[in-house]
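Sequences are here, hints too, so could you generate the full structure?
If you're matching them up, the sequences are chains A and B in order. For any residue, its number in this note's numbering is found by taking its place in the first sequence, counting from 1, and adding 553. For any residue, its number in this note's numbering is found by taking its place in the second sequence, counting from 1, and adding 553.
I should point out that these hints are in silico values taken from the structure, not numbers from a laboratory. Be careful, since some hints might not be right.
Same chains, same names: a pair is fine if it fits in one copy or spans any two.
Calculated lysine-lysine pairs in the BS3-like style (CA-CA distance at most 30 angstroms, straight line) [stated by the list, open to error]:
#1 821 x 860
#2 804 x 767
#3 728 x 804
Number of protein chains: 2
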Amino acid sequence: MAYIDDREDIISFALSAVASLLKKYNVDPKDVGRIEVGTETLIDKSKAVKTHLMDLFAASGNTDIEGIDSKNACYGSTAALFNAINWVESSSWDGRLAIVFAGDIAVYEEGAARAVGGAGACAMLIGPNAPLVMEPVHGTHMANTYDFYKPDLSSEYPYVDGRLSNGTYTGALDKCYATYRSKMARRFPAAEPVTMDGFDYAVFHSPYGKLVQKCHGRLLYHDWLADPTLPLYAGLTEEATASFKDTPVEKTVSDKAVEKTFVGLGKKLYQERVVPTLTCSERCGNMYTGSLYGCLASLVGGVPGDKLLGKRLAMFAYGAGCASSFFAISVRASTHEMFEALDLEARLAAMEVRPCQEYVDAMNLREKTHTLKDYTPVGSIDDLFPGSYYLERIDDLYRRSYGIVPEKTVAA
Amino acid sequence: MAYIDDREDIISFALSAVASLLKKYNVDPKDVGRIEVGTETLIDKSKAVKTHLMDLFAASGNTDIEGIDSKNACYGSTAALFNAINWVESSSWDGRLAIVFAGDIAVYEEGAARAVGGAGACAMLIGPNAPLVMEPVHGTHMANTYDFYKPDLSSEYPYVDGRLSNGTYTGALDKCYATYRSKMARRFPAAEPVTMDGFDYAVFHSPYGKLVQKCHGRLLYHDWLADPTLPLYAGLTEEATASFKDTPVEKTVSDKAVEKTFVGLGKKLYQERVVPTLTCSERCGNMYTGSLYGCLASLVGGVPGDKLLGKRLAMFAYGAGCASSFFAISVRASTHEMFEALDLEARLAAMEVRPCQEYVDAMNLREKTHTLKDYTPVGSIDDLFPGSYYLERIDDLYRRSYGIVPEKTVAA
Numbered sequence: 554m555a556y557i558d559d560r561e562d563i564i565s566f567a568l569s570a571v572a573s574l575l576k577k578y579n580v581d582p583k584d585v586g587r588i589e590v591g592t593e594t595l596i597d598k599s600k601a602v603k604t605h606l607m608d609l610f611a612a613s614g615n616t617d618i619e620g621i622d623s624k625n626a627c628y629g630s631t632a633a634l635f636n637a638i639n640w641v642e643s644s645s646w647d648g649r650l651a652i653v654f655a656g657d658i659a660v661y662e663e664g665a666a667r668a669v670g671g672a673g674a675c676a677m678l679i680g681p682n683a684p685l686v687m688e689p690v691h692g693t694h695m696a697n698t699y700d701f702y703k704p705d706l707s708s709e710y711p712y713v714d715g716r717l718s719n720g721t722y723t724g725a726l727d728k729c730y731a732t733y734r735s736k737m738a739r740r741f742p743a744a745e746p747v748t749m750d751g752f753d754y755a756v757f758h759s760p761y762g763k764l765v766q767k768c769h770g771r772l773l774y775h776d777w778l779a780d781p782t783l784p785l786y787a788g789l790t791e792e793a794t795a796s797f798k799d800t801p802v803e804k805t806v807s808d809k810a811v812e813k814t815f816v817g818l819g820k821k822l823y824q825e826r827v828v829p830t831l832t833c834s835e836r837c838g839n840m841y842t843g844s845l846y847g848c849l850a851s852l853v854g855g856v857p858g859d860k861l862l863g864k865r866l867a868m869f870a871y872g873a874g875c876a877s878s879f880f881a882i883s884v885r886a887s888t889h890e891m892f893e894a895l896d897l898e899a900r901l902a903a904m905e906v907r908p909c910q911e912y913v914d915a916m917n918l919r920e921k922t923h924t925l926k927d928y929t930p931v932g933s934i935d936d937l938f939p940g941s942y943y944l945e946r947i948d949d950l951y952r953r954s955y956g957i958v959p960e961k962t963v964a965a
Numbered sequence: 554m555a556y557i558d559d560r561e562d563i564i565s566f567a568l569s570a571v572a573s574l575l576k577k578y579n580v581d582p583k584d585v586g587r588i589e590v591g592t593e594t595l596i597d598k599s600k601a602v603k604t605h606l607m608d609l610f611a612a613s614g615n616t617d618i619e620g621i622d623s624k625n626a627c628y629g630s631t632a633a634l635f636n637a638i639n640w641v642e643s644s645s646w647d648g649r650l651a652i653v654f655a656g657d658i659a660v661y662e663e664g665a666a667r668a669v670g671g672a673g674a675c676a677m678l679i680g681p682n683a684p685l686v687m688e689p690v691h692g693t694h695m696a697n698t699y700d701f702y703k704p705d706l707s708s709e710y711p712y713v714d715g716r717l718s719n720g721t722y723t724g725a726l727d728k729c730y731a732t733y734r735s736k737m738a739r740r741f742p743a744a745e746p747v748t749m750d751g752f753d754y755a756v757f758h759s760p761y762g763k764l765v766q767k768c769h770g771r772l773l774y775h776d777w778l779a780d781p782t783l784p785l786y787a788g789l790t791e792e793a794t795a796s797f798k799d800t801p802v803e804k805t806v807s808d809k810a811v812e813k814t815f816v817g818l819g820k821k822l823y824q825e826r827v828v829p830t831l832t833c834s835e836r837c838g839n840m841y842t843g844s845l846y847g848c849l850a851s852l853v854g855g856v857p858g859d860k861l862l863g864k865r866l867a868m869f870a871y872g873a874g875c876a877s878s879f880f881a882i883s884v885r886a887s888t889h890e891m892f893e894a895l896d897l898e899a900r901l902a903a904m905e906v907r908p909c910q911e912y913v914d915a916m917n918l919r920e921k922t923h924t925l926k927d928y929t930p931v932g933s934i935d936d937l938f939p940g941s942y943y944l945e946r947i948d949d950l951y952r953r954s955y956g957i958v959p960e961k962t963v964a965a
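What follows is the structure in structure tokens.
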């Protein structure tokens, strides 16, 4: 998993990602009319991370940029994306581009959960005529749950009920997929009923790999329930399904027979439809709000040329607490420019693997220093990519300032 | 100003306001497809206030309700409102209503700033064919400022630079109004140039009254700069404007002569256009995200019958850090149903004035208890309106549960 010491924070993540996006896609800062931030890495209860991003636009004189921060666990990114797209479709749209930033620093106190940490961020450019087109139907499920939350404001660490969290994620997927299917049927009554065969890829919020594989199986279970005559289920014997075929869906959330049956049945499909989306999360660990869009980046950054053209992606967003949506993206033009800009394979390969002790030292350093003011970080900037922003100083009034890692120059 | 003890929190505010809205407007919980929350009263870094509101919809089985929390100081409400409206105008709109909740508990540590505290909340129903119609043009200004922020996560109190905050507010108004005017000119090239005479009312984010009066004057200053031949400025002598007429706008933000001249000139207009919007903030103090919409409620709740029909409102939203927008609302149908539902005069009159010491005791109680878990609040529920939600308990895992003040019954 990726980790950071005291040299980075969510603001430096955001500055790095958005500055990189502007540069790679050659965006004139004046052409941006909205920036949305999704994060659950809060270092201020009032001031938005978005306000810090305005520093990237100050030189251009463009201060007319709507949007602030969206918050609910890992779902903030999806809320931000929906908000940015809705703006482009609204009467208040002024013809300019939107940017969505999503990122988090996922840290856990010492113990079993620490292994599901991670860190990562991404930025997305939103506007008309995009290669990736959001389809209009969202199947959403929200509820009041205490599966994962951060009520101890003085700590970086969450309160987690791991078992409840997995169950809530799975139950939310059930509800979202059901709502998505019924809304699709209402909106497009002439179309074939929704099944996972209608998607070439399935992109999940991916806290860790095993949950994703289970949930891909879960969607096949729903397809089977809706139509057991589909070819994929031809080999399912009466005997194999006897233990659960009459059990209500909500009672099978942690049913091992359902899980085993449909994960097994979906093994090959999982390799084809899901594994290509997991490159970032395998390398960076849990990126919280960045997770789902890191998975999207893994797909786009892993497939060169026009090979994604015409493909259709299922997307499942989840944030504890809980908020979740199932929706679809259609690829309507070549994604090769994004493949080139992402340069994902090389960038992930350039991340060094470090000894566990260095990780533990970094966690201890953060734990000791993350609430301090009048503080100058001690972590090295040598490990950061050129062009990255880093935290330079927190002054005696908690005001933060940032530096930029110089671009590498070749010695004469 | 309004204050609370440990019996209320931002979640109880939200439950009270949204439950009341559903009841007063007889909204079927199934007809709600989006709820947006704007607040800077954060009690969890991850879990959204929005998720708690889902409890109000659980009985109906409606969990398909998009939207989470928007955060940047007092601007969260306006971001939430824009998001809700954009959703209704988007291709993903499913035909249902949206609700925007905005509210805050504004508390300051002992000292001069404590007097600009307050508390309050409101909920708004968003959908097609509304009496109050948002116009499409927004003039927005955002920047990275440290005028007011909450970096000490363990405290309820903000860091404030009062002088900087006033200057930032005023400078933001300058920029927003200028951007609004130029965007209006581009969008409606045949229309008359924007002046404040185009508005019947001016509704400001109102942390305290004096700032609002100054800023109303400030808008007249801008109108004069744009066209000194307008009738309102006929009496302005060369002498009266000599000290500032050639000064660049950004140098006059705290210019006393500009302030005096245009506040003086606008005195009568201020009474007509602004004072009717200040009823809530005069009684409740600073409502942060709720402030601007409390001002809107003051107007709608203060004018019976169809008297607002055809009127046009200027709106100025500001949140420190900073985020700000100038936009307009047109009244296209009678607001009498809202006047009746708000029942504002009676409800404000029913608020009791309490001795200062009780307020200080309540602040001390909050200060001592606001980070506790395994805690049962001690504040009385006798002072809360019937039907209000209150905090019943915070358990040993910081999970919060709520009760409802019984509706009053007449003794047999």
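Now the hints, each set against the structure:
1. 821 x 860: So residue 821 and residue 860 pass the 30 angstroms test inside one copy only (20 angstroms; across, 68 angstroms).
2. 804 x 767: Answer is within; shortest intra-copy Cα gap is 16 angstroms, inter-copy 62 angstroms.
3. 728 x 804: within (13 angstroms within a copy, 57 angstroms between copies)
The structure is consistent with each of the numbered hints, conforming to all of them.
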